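The chain contents come next:
There are 4 protein chains.
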Amino acid sequence: MTAHGLIRTDLALEAREALLKEARREVAGIETSGRTTAHTRVTRVKVTSEAGARRLGKPPGTYITIEAPELRQGSRVVASEVAEVLTAELGALAGLPEKAGILVIGLGNWNATPDALGPRVVDSVMVTRHLFEYAPQELKGGLRSVAALAPGVLGLTGIETEEIVKGVVQHIRPDLVVAIDALAARSLERVCTTVQLSDSGIHPGSGVGNKRLGLTAESLGTRVIAVGVPTVVHATTLASDALDLMLGTLSRADGGGAKLAEAFTPAERQKLVQELLPNHWEDLFITPKEIDALIADTARVLASGLNAALHPRVTAAEGERYLQ
Amino acid sequence: MTAHGLIRTDLALEAREALLKEARREVAGIETSGRTTAHTRVTRVKVTSEAGARRLGKPPGTYITIEAPELRQGSRVVASEVAEVLTAELGALAGLPEKAGILVIGLGNWNATPDALGPRVVDSVMVTRHLFEYAPQELKGGLRSVAALAPGVLGLTGIETEEIVKGVVQHIRPDLVVAIDALAARSLERVCTTVQLSDSGIHPGSGVGNKRLGLTAESLGTRVIAVGVPTVVHATTLASDALDLMLGTLSRADGGGAKLAEAFTPAERQKLVQELLPNHWEDLFITPKEIDALIADTARVLASGLNAALHPRVTAAEGERYLQ
Amino acid sequence: MTAHGLIRTDLALEAREALLKEARREVAGIETSGRTTAHTRVTRVKVTSEAGARRLGKPPGTYITIEAPELRQGSRVVASEVAEVLTAELGALAGLPEKAGILVIGLGNWNATPDALGPRVVDSVMVTRHLFEYAPQELKGGLRSVAALAPGVLGLTGIETEEIVKGVVQHIRPDLVVAIDALAARSLERVCTTVQLSDSGIHPGSGVGNKRLGLTAESLGTRVIAVGVPTVVHATTLASDALDLMLGTLSRADGGGAKLAEAFTPAERQKLVQELLPNHWEDLFITPKEIDALIADTARVLASGLNAALHPRVTAAEGERYLQ
Amino acid sequence: MTAHGLIRTDLALEAREALLKEARREVAGIETSGRTTAHTRVTRVKVTSEAGARRLGKPPGTYITIEAPELRQGSRVVASEVAEVLTAELGALAGLPEKAGILVIGLGNWNATPDALGPRVVDSVMVTRHLFEYAPQELKGGLRSVAALAPGVLGLTGIETEEIVKGVVQHIRPDLVVAIDALAARSLERVCTTVQLSDSGIHPGSGVGNKRLGLTAESLGTRVIAVGVPTVVHATTLASDALDLMLGTLSRADGGGAKLAEAFTPAERQKLVQELLPNHWEDLFITPKEIDALIADTARVLASGLNAALHPRVTAAEGERYLQ
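Residue numbers (this note's numbering), protein chains in the order written: chain A, 1 to 324; chain B, 1001 to 1324; chain C, 2001 to 2324; chain D, 3001 to 3324.
There could be a bad hint or two in this list.
What the hints assert, rightly or not - Computed footprint of chain D on chain C; a stretch qualifies when at least three of its residues, placed anywhere within it, have a C-beta under 8 Å from a C-beta of chain D: (1) 2122-2129; (2) 2144-2155; (3) 2160-2167; (4) 2170-2183.
Claimed, not checked - Think about it this way: if two alpha-carbon atoms lie no more than 30 Å apart in a straight line, the pair counts; the simulated DSBU-like pairs of lysine-lysine are: (5) A/K99 to A/K166; (6) A/K21 to D/K3271; (7) D/K3271 to D/K3021; (8) B/K1271 to C/K2046; (9) C/K2166 to D/K3099; (10) C/K2046 to C/K2021; (11) B/K1099 to B/K1046; (12) B/K1099 to B/K1166; (13) A/K166 to B/K1021; (14) A/K166 to B/K1099; (15) D/K3166 to D/K3046; (16) B/K1271 to B/K1021; (17) B/K1166 to B/K1046; (18) D/K3166 to C/K2099; (19) B/K1021 to C/K2271; (20) A/K271 to D/K3021; (21) A/K271 to A/K21; (22) C/K2046 to C/K2099; (23) C/K2166 to D/K3166; (24) A/K99 to A/K271; (25) A/K99 to B/K1166; (26) D/K3021 to D/K3046; (27) B/K1021 to B/K1046; (28) D/K3166 to A/K271; (29) B/K1271 to C/K2271; (30) D/K3021 to D/K3099.
These are computed hints drawn from the structure, not numbers from a lab. These figures come from a predicted structure and were not determined experimentally. Even glycine gets a Cβ: it sits at the ideal position worked out from N, Cα and C.
Pulled out of the complex, with its shape left as it was, chain A reads as follows (with noise of 0.2 Å):
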C-alpha cells in the first residue's frame, strides 16, 4: 500500500489518503463523496474499476466511513448519533426486503480483547429467527428473521471460520450476510472512533487476527456486508512512522540530510523496522490502556445501529434495550 510496504491498514479511506499523497491527485475509478452529521463525518469512497481496486489495494464495491473522534470520549450523545448514523447507512447499502432473513456474523477471537469485537457484537444482536416458526403474525410485524453466530477462529475451534460458515449458509439460506470484524488502522487516532461498511465482503489477511478466510458473495452464494471498526494499529506502522518523521525532518536540514534521506530506500527502512521488533512474534499491536472498555462500548454502539436497521420496528435507541 505504501511505498515501503510496512503500513497495513484494513480502511479503504486510509487507503485512499495514502495513495492521494503519492498520486497527488484523483485516481480514476475511484469516486468519493461525503455528508457530516453533528459529531458524525460519513466518506462514501466506491471503487468503480480493476484498476481502481488495483491502485487502492482493495476490491470493487462501496466501502462507507463514519467518523465520530469524539466516540472516544465515551459521550452517550455521540454515542447515540454514531448507531443511528450507522442504521442509516446500513439500511441504504443493504436496500433489505421486510421479509428478508439475515445472518450476522461476529468474527474474532473472544479470547484475545481487540479481536473480540465481533463476538461481543453477536452477544447483543436482537436474535428472532427461531420465533418466526412458532409467533403470531402479529408479532413479525416490524421485525426480520435475524441468526447471528461468532465461529471463533482456527487457533480456537481447528475448523477455518469458512467453512463454518458456509455450513450455516448452506442450511439456513439468509438473504443477506453481516460479517462483524475488527479492524487494523493507520493510526492511533482511528481507534474504537471510526466505523466502516462495505458490500465487497471479508477478504483474506484482513482484521486483528489476519485471518485467511474470505467471506464473499462469490464463496457464500449471498451478499455480504462488512461492517468493522479499528481496534488496533500494527507495532510495525508506529516504528514505520518514526523513521518516517526522522526522514522527514532530515529532509528538511540543509546539506547532507536530505541527501542522506534520499539514500533510505524502502528496502533499507523495512530492514531497519524489522530490527526493531522481535521477528517471532507475529504481531504486536498498539492499544490503548482502556482498550476493554472501548471494545464493550464499541460493541453497543454497533449492536443498536444493528438492530434498528435490521427490524424496522426498533429505533437506535431501542436498540440498546436488548443489549446486555
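Assemble chains B, C and D onto chain A, guided by the hints.
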C-alpha cells in the same frame, strides 16, 4: 419414567434403578456389568433390544456410568483418577484408529452456568486439526486431528444446534463426533459426581436446556459418542420426592393413613406438584451454591480425560497441561 | 420465622405476611403503608418497637419493598419504572445533603452467579470520589462523592467482609454506606422481581451466602442503607412447602385425613425435610434456568436507580448511561 | 532513566543495563550476582547505598530477576521450573517463620487485560486465613495463614489502593505483604518471560497503570515483597528505539550523517516522539496479540510458585492443584 411422570433423568443408570424398583426383577434386553477403581464405580448398561429400550426410555446402545462421590470435595487425586477412567472407557467405546479425525461438540448455553459445561470443556480441548495441514510428520505421531466447537443454543443464535453441527460435519467429515452435555439427574448426590458415556447419541429433550435437537449417527452420518454429567436436579423432582416421602410415611401409619396414601393417584400427585411451582417458570433447577466452581472443576476433569483419549501421546495427567 | 423453622426469608414483607397469617391480626410495633405506580407496588413496613422486632424477626427500622412482577419478562419500560421508584424511595430514606460522601458496598461472591448481584452493581456505579480532589467546581454541581467496593466473601479472601469494610470506612469516612446484597426469598415469584430497601443495616445470617457479618450504624459508625433483591429460594423452603400442601390437602379430606395431618408436629416435618435433602450440601438453591441473565438485568436496574439517587444531576434514565 | 527520559522500565535489571551502557563500568553501591537453572537465569541486583539507588532510579533493596525466554512458548516444563525457582527465591527473600501470616495483594485493573495480572493471581492463591480460626491443629501443619485481596484501581473504586490496603493491614496485621503487579518493560522480549522480586516495596509511578500509590514497610508498618512481571512495553519506548536505531545507522554513515545524528539533542528526540503519539492518549501499550492467554499462563505460574512458597506443605507442582 416413574409412576407420576414428573421425575426426569438423563442417566440410564437412574432409569434402570427406577425400572428395577418398579419391575422388581431384571428386565429382558437390558444387560448390566461393572467394575470399581480406588475412588470410582463403573457401570455398563447395555440396551440390546427395542423392548428393553422402550421399558428404559433410552434408545439401544451402551451406557457407561462413572460414579465418584468424592469428586465434589475437590480432591485432585480423585479428579485424576476419574480422568484416567474416562480416558480408558472412552477409548474402549470409541475404538479409534490412529488416523481418525474427531469433532468435539460442546452443547449448552455458555451464559447459563449449569448448562455451560459443554462450552467450558471445548475451551480446554487440545485442538490440532489446523496443525495437521502444515505440521511435519514427526509432530503428528501420537496426536489425532481434533476440531472443537460450541454451537450455542437456539435462544442465542436463532439456529438449531443440529443445523450448525450438520453443516460443519458435512464440511470437515470427522470419523467421530464427541458431544459433551450437561444433564439433569434424579438425585442431588449425582450433581457433578457422575459421568455418563454412551454411543447412542444425543436425543431431543435431553440435557439441562431441554434441547430439541438430535445428534445421532442417523442425523449426522457419522458415529456419535455422548459424554454427559448431571449438573442440576429439576425442582419438580424435589417436589415430587417430598410428596412421595410423605405418602410413604402415611402408608406405614396404621388405619386411615395407608388408605389415604393409596387414594392419591399419579394424576393427583402431578396436580399437587404443579400447584407448588409457578407454571410460567418452565425450568426451575436445584443447584448447590458452589455450582460455578463445580462446573469449572468438572470441565477440567472431562477435558483432561478427553485429551488423553483422543491423543494417544498424551496421558490423562498431561491432558491437563493444555487446560487454562 | 414459620412454625417449623425451615423457611428462611430476608424480606420483611414476607416475614410480616407469615406473621399476619399466624397472628390473624395486625401486630403492635409494626406499621404498614403503601402506594402503587403503573407497574409496581411499594410497601413500607416500619418496625417501631423491640417487641415488634422480636415478633417479626427483623430489627427496628424502615423496610421498603418495591414489587414488580413484570420485571422478570425483561420489559425495559418496567425496568425504567422500577429504577425511578428506587431513586425516589432511596432518596427519601437516605435524605442526603448535597455534599454527602457515599460508599457503595457490593456484598457477595462474584464467582457464584446468584450471589454476584452486589459486585455486579458496583461494576456499574458511577464512581466520582477520586475526581472530587481535582475537578473544577462547576463539574461537581449535581454530583456527590461516591466510592464503591466489592469486598468479596470470606472463602475468597480469608478476611471477614466486615474487617475490609471497616478498614475502608475508617479511612474515607463516608456519610452513608449503601450495601447491596442478594437475598433469599420465601417464594419463587419474588426472585428478581422485588427490591427491599432498609435503614437497619445488614445483619449476620442474612443474604444468599449466609454471611456472618454485620454492617450496621453501630459496627461502622456511619449510617447504613441495605438494598437487597431475592435471587434464590432455599431448597428447604420448597420441600417444606410440598409437605404443607400435602397436609393441607389431607386436612380438607374427610375422616382420618384431618386427624393425620394434625399428627405431624413441626419437629416431624423438619425431620422429613432433612430426609429429602443431602445433609452435607449446606446450601441448595432453587433458581430459574435464566438466572445469569436475570442477575445482569437486575444489576442494571439497581445501578441506574442508585446512580440517579446518589447524583442529583443524573436521572434514572441517564443513570443507565454509565452502565456497561 | 535514559538519556532522553522517554523510556520507562520497572525492572532493576534493565535499569542497570542502561546504566552500565552509559557509565561503561560497574557502579558503586550496586552489587550483582547470578545463577542459572536448566531454563532460567536468576540475577540478583543489590542496591546497597543511596548513591547507587539514585543512579539506578530504584530504592535500596534486593531485586531478583528470573528470566525464562521459553516461557512464552507455553511449555509446561519451563512453567514448572519457573514456579519452582520462584518458590525458592521468594522463600529465601521472605525468610518466613512457620507461624507467619501473609496478605497477598493483587494490584491492577481487572478490566484491562495487561494490568489484570495481580487480580488473576489472587484468584488462584490458596487462601487459608479463615480456616485457621476453626481448623483442628493437624490440618494446619505445613500451611500458613494466607489472606488475599485485589483492591482494584482508583478509577474503579474512587479509593486510593493504598487506603484500602492500609485499612485491611491495620485490621488483620499480617507479618508480610506480598504485592503482585504488572510491569512495563524496556524490551518486548521480556513481556511475560521475566519475573522480578524485590523487598523494597511498591513505589508511586511504577506498574502498568501508573499507580500513584506506595506500598512500603514505612507506609504499611509491615514488610512488603513485590512480585512483578512485565506485560507491556510503552509505545514511547518503541518510538524512541526507532529514532535511536535510525540515528545509530546515520552515525555509522560517512560524511554529514554522523554530524547530523549528533545534532539531535535529547530534547529534540523527545519532541519527535511526542509528534508520533497522540498526546491525549496517555497510555499506549505495545502487546502481543495473544496477551490474554499470556496473562492467564503467567498468573498460573506465579500462583503455583506463591502457593508453594507460602505453604511449606505444598510443592510448586501441587501449588497448581489449587488453581482454576
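Which hints, by number, does the structure contradict?
8, 13, 24, 28, 30
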